[in-house]
Amino acid sequence: MSLLDMDERILKIVELADLRSSPITDLKEPDESGVDVGVLEGGINNSANEEVARKMRSRAKILVALGDCAVFGGVPAMRNFCGVEAALQRAYVDAESNEPGSEIPNDPELATMTKTRAIHEVVPVDYNVPGCPPDADVIFYVLSELAQGRKPELKNNLLHWD
Amino acid sequence: MTAQKITIEPVTRIEGHAKVTIHMKEDNTVDHAYMHVNEFRGFEKFCEGRLYFEMPQITARICGICPVSHHLAAAKAGDAITGQTPPRPANLLRELMHMGQVIQSHGMHFFELAGPDLLLGFDAAPEIRSVVGLIGANPELTIKAVNLRKFGQEIIKTLGGRRLHPVFAVPGGVNKALTKAERDNILTGADAAIETLQLGLKIMKDWAEKNMEDIKKFAVFPTGYFGLTTPENGLELYNGDIRLIDSQGVEMERFQAANYLDYIQEHVEPWSYLKFPFYKKMGYPGGVYRVGPLGRLNLAQKIDTPLANEELKIFKSLNSGKPVENTLYYHYARLIEALFAVERACMLCEDPDILSTEILNTRKNYTGHGVGVLEAPRGTLIHDYTADENGKLLKVNLIVSTGHNNWAMSNAVDSVAKTYVKGPQIHEGMLNRVEAAIRAYDPCLSCSTHAVGQMPIQVEVLNPDGSLRQTLTRD
Ligand code: SF4
Numbered sequence: 000m001s002l003l004d005m006d007e008r009i010l011k012i013v014e015l016a017d018l019r020s021s022p023i024t025d026l027k028e029p030d031e032s033g034v035d036v037g038v039l040e041g042g043i044n045n046s047a048n049e050e051v052a053r054k055m056r057s058r059a060k061i062l063v064a065l066g067d068c069a070v071f072g073g074v075p076a077m078r079n080f081c082g083v084e085a086a087l088q089r090a091y092v093d094a095e096s097n098e099p100g101s102e103i104p105n106d107p108e109l110a111t112m113t114k115t116r117a118i119h120e121v122v123p124v125d126y127n128v129p130g131c132p133p134d135a136d137v138i139f140y141v142l143s144e145l146a147q148g149r150k151p152e153l154k155n156n157l158l159h160w161d
Numbered sequence: 000m001t002a003q004k005i006t007i008e009p010v011t012r013i014e015g016h017a018k019v020t021i022h023m024k025e026d027n028t029v030d031h032a033y034m035h036v037n038e039f040r041g042f043e044k045f046c047e048g049r050l051y052f053e054m055p056q057i058t059a060r061i062c063g064i065c066p067v068s069h070h071l072a073a074a075k076a077g078d079a080i081t082g083q084t085p086p087r088p089a090n091l092l093r094e095l096m097h098m099g100q101v102i103q104s105h106g107m108h109f110f111e112l113a114g115p116d117l118l119l120g121f122d123a124a125p126e127i128r129s130v131v132g133l134i135g136a137n138p139e140l141t142i143k144a145v146n147l148r149k150f151g152q153e154i155i156k157t158l159g160g161r162r163l164h165p166v167f168a169v170p171g172g173v174n175k176a177l178t179k180a181e182r183d184n185i186l187t188g189a190d191a192a193i194e195t196l197q198l199g200l201k202i203m204k205d206w207a208e209k210n211m212e213d214i215k216k217f218a219v220f221p222t223g224y225f226g227l228t229t230p231e232n233g234l235e236l237y238n239g240d241i242r243l244i245d246s247q248g249v250e251m252e253r254f255q256a257a258n259y260l261d262y263i264q265e266h267v268e269p270w271s272y273l274k275f276p277f278y279k280k281m282g283y284p285g286g287v288y289r290v291g292p293l294g295r296l297n298l299a300q301k302i303d304t305p306l307a308n309e310e311l312k313i314f315k316s317l318n319s320g321k322p323v324e325n326t327l328y329y330h331y332a333r334l335i336e337a338l339f340a341v342e343r344a345c346m347l348c349e350d351p352d353i354l355s356t357e358i359l360n361t362r363k364n365y366t367g368h369g370v371g372v373l374e375a376p377r378g379t380l381i382h383d384y385t386a387d388e389n390g391k392l393l394k395v396n397l398i399v400s401t402g403h404n405n406w407a408m409s410n411a412v413d414s415v416a417k418t419y420v421k422g423p424q425i426h427e428g429m430l431n432r433v434e435a436a437i438r439a440y441d442p443c444l445s446c447s448t449h450a451v452g453q454m455p456i457q458v459e460v461l462n463p464d465g466s467l468r469q470t471l472t473r474d
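So the protein sequences, as listed, match chains A and B. When you line the first sequence up against numbering that gives the first Met the number 0, it's residues 0 to 161, in that order. When you line the second sequence up against numbering that gives the first Met the number 0, it's residues 0 to 474, in that order.
The reader is advised that the hints may include incorrect statements.
[Claimed, not checked] Keeping only pairs whose Cα atoms sit at most 27 Å apart, straight-line, the calculated DSSO-like set for lysine-lysine is:
#: 1; chain 1: B; residue 1: K215; chain 2: B; residue 2: K301
#: 2; chain 1: A; residue 1: K154; chain 2: A; residue 2: K60
#: 3; chain 1: B; residue 1: K363; chain 2: B; residue 2: K321
#: 4; chain 1: B; residue 1: K394; chain 2: A; residue 2: K114
#: 5; chain 1: B; residue 1: K216; chain 2: B; residue 2: K363
#: 6; chain 1: A; residue 1: K154; chain 2: B; residue 2: K201
#: 7; chain 1: B; residue 1: K391; chain 2: A; residue 2: K114
#: 8; chain 1: B; residue 1: K363; chain 2: B; residue 2: K201
#: 9; chain 1: B; residue 1: K156; chain 2: B; residue 2: K24
[As the list claims (entries may be wrong)] Simulated coverage check for chain A against chain B, where a stretch passes if three residues somewhere in it have a Cβ under 8 Å from a Cβ of chain B:
#: 10; region: 70-79
#: 11; region: 115-124
Simulated from the structure, these hints should not be mistaken for lab results. Ideal Cβ placement from N, Cα and C applies to all residues, glycine included.
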């Protein structure tokens, strides 16, 4: 959603590139025929995320990991310290507000929770763009460079780790 | 100039990962449909052992759309833990930031996320049914919408240094005062924001007139309504007691937010990581209620700002003063609230205390327990912390806005699927309406399950024998 923080520059991106599936558009998946640039936000903490990352990798020529979560796991990776089981137990069984007798959701349809990982720990990444979230200027720079077939270089003011 | 394709995961016009399953009957009509949420993060557990004052920064990371809500709720819980009541100017500043957030979140939702369904049509081609299509169809309106969101985001940035994940509220107050120049700058943008919202209201009303048939059959059902209130039952987004009314508008409970455990409980289903809160005395699912814009306007008997109050009167007449039950009117209610938020932001900016530098109460009266509650754009947000004598957290419980609407969203999905989805040919527009039922609630599923990243709603249609008939993909 930080995409929208580019404000009016989103119009420019739309002019430069054909925005396909995204949180703000309506295509569900990257085109099967492939796309030039794929962008992933968020880390990988379950089997469903993993699938999304693999699919995106196989369909995108260039893969960008956007934001601290995608780049190195970010805040949600704190779950690795307590482990998935303890976290599930607290949320669905022990929480004070739960109905007595509640159990951890276990429908086979549901994704299985895993350790939280950065995208590059699961599939190869071409560009890592840190920041929580990366500045709108940085997102704009990276996307507009890639859209014009250039290699974005993150340095000086464009490189923040916060 | 269309040179390259860019694909951006996650996908589409909601925040978070939901999956819809539709079970069909032999005669090609819908048997039942429901929504499951497929993400879980575990903030409640992994925040144990952290220090209470870190929480405004850590929990903001739960949500990419309304981090300010978590930031402020965590700070409020922190106030109670240390017994540091913020001075009045600090409360005004926090509320001002909150208004910035409501404006940007509601504005973005109406124009950029849900708006394309209304402005371009539920059956428009998915390639254009988005803000991208809107740019093509109505660039002028898109610019206005972009500027509205920017207005809200800039309030947040002025106060907290950044648009997302600001660093501002601390237990006992805030860490930066507002300067006169900054205040004046906020005020200059207000007129344009009001104008855009009034334009939005006009679009909404015209749309409603033309689509009354849909509004009347699209997920209309009774529930209770739940949220904060002013002492005179006015619309309240930041402070106050909680009120719960029944489907007829009769008050069932009114209580201090910190006592939430006496009144509500959460139900867990094996097929969803999102829990289902309900009113304890009535049990589950009898005690389900709705929150967010529609819920709050159903609760409110008035709004303390003039323009929004006029709009509220019109809204109340939709169901002759009784609670409005139509899911599609969430969009309408959202615009009225955004209008309130702009007016309220101006009122706060004009308050003589807003430029005061008395923004932090440093005197502690440590209690070790705190509940922080406010109305996030999507509904009531509850942060409940218990800490040891050193301020290290022993227990964290979070009930997030979208969760309260979990039952309602699932029920809306079922109702819309039954109304609109019919075989043998099931086309995309039907399924988009099912998604629109969820979208109306503007769920933030990464929030509600505290999930990583955002992902698409996936729709699956099953045959009577349970085999997969169709999955909605759009490539
Ligand atoms: S904004 Fe921060 S917490 Fe949210 S997805 Fe991006 S990096 Fe992660």
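Apply the coverage criterion to the region 115-124 of chain A and chain B: a residue qualifies when its Cβ sits closer than 8 Å to a Cβ of the chain, and three qualifying residues are needed. violated (count 1)
Satisfaction of hint between A:K114 and B:K391, Cα-Cα up to 27 Å: It holds: about 25 Å lies between the C-alpha atoms, which stays within 27 Å.
Mind taking a look at whether chain B covers the region 70-79 of chain A? Criterion is 3 or more residues with CB to CB distance under 8 Å. Held - the region 70-79 of chain A has 5 residues with a Cβ nearer than 8 Å to chain B, which meets the minimum of three.
So if I understand the rule, the pair passes when the alpha-carbon distance is 27 Å or less; does B:K156 with B:K24 pass? At roughly 52 Å apart (the allowed maximum being 27 Å), B:K24 and B:K156 break the hint.
Are the Cα atoms of A:K154 and A:K60 separated by 27 Å or less? 23 Å, holds
Has the given pair, B:K394 with A:K114, been kept, meaning a C-alpha gap of at most 27 Å? Roughly 22 Å separates the two Cα atoms, so the pair holds.
Given the hint that B:K363 pairs with B:K201, does the C-alpha gap stay at or below 27 Å? With Cα atoms ~50 Å apart, B:K363 and B:K201 exceed 27 Å; violated.
Next pair to validate is A:K154 with B:K201; report whether the Cα-Cα distance is within 27 Å. Violated - the C-alpha atoms of B:K201 and A:K154 are around 46 Å apart, more than 27 Å.
Is B:K363 within 27 Å of B:K321, Cα to Cα? 45 Å, violated
For B:K215 and B:K301, compute the direct alpha-carbon distance and say whether it is at most 27 Å. 25 Å, holds
Straight-line Cα separation of B:K216 and B:K363 no greater than 27 Å? Cα-Cα ~55 Å, so violated.
Consistency note: the structure conflicts with the earlier hints numbered 3, 5, 6, 8, 9, 11.
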